[in-house]
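*Asks:* Sequence:
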Amino acid sequence: MLVHLSIHNYAIVEHLDLEIARGMSVITGETGAGKSIMLDALGLALGDRADSGVVRPGTDKADILATFDLVDIPEAHT
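When we follow the working numbering, the leftmost residue of the sequence shown carries the number 73, and every step to the right adds one.
Bear in mind the hints are in silico, worked out from the structure with no lab data behind them.
All the given hints hold, so there is nothing to weed out.
Computed spacing ranges between beta-carbons, pair by pair:
no. : residue 1 : residue 2 : range
1   : VAL143    : ALA122    : 28 to 34 Å
2   : THR100    : LEU137    : 19 to 25 Å
3   : GLU102    : THR150    : 40 to 46 Å
4   : MET73     : GLY125    : 26 to 32 Å
5   : GLU91     : PRO129    : 26 to 32 Å
6   : ILE92     : GLY119    : 15 to 21 Å
7   : PRO129    : SER97     : 28 to 34 Å
8   : LEU118    : ARG94     : 16 to 22 Å
Just so you know, these numbers come straight off a predicted model, no measurement behind them.
Where a beta carbon is used, it is the ideal one built from N, C-alpha and C, also for glycine.
All chains, full assembly: derive it from the sequences and hints.
*Replies:* Structure, rendered in structure tokens:
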């Protein structure tokens, strides 16, 4: 389960730290609010190919960190 997502200097996002609690989480927002950017950043953290064009203008790198809790996933312990 994803428990934390940290995004820095990715696309239009300067800084985002998102803590996700257990249970169902719903991400909503207006068009252009950054929902897809957040999902794309999560994809990069999981191994998608990066494109230097998504680094926030005026910065030299983007940082994305995803933290998962695997305690309740038996397959993760083999």
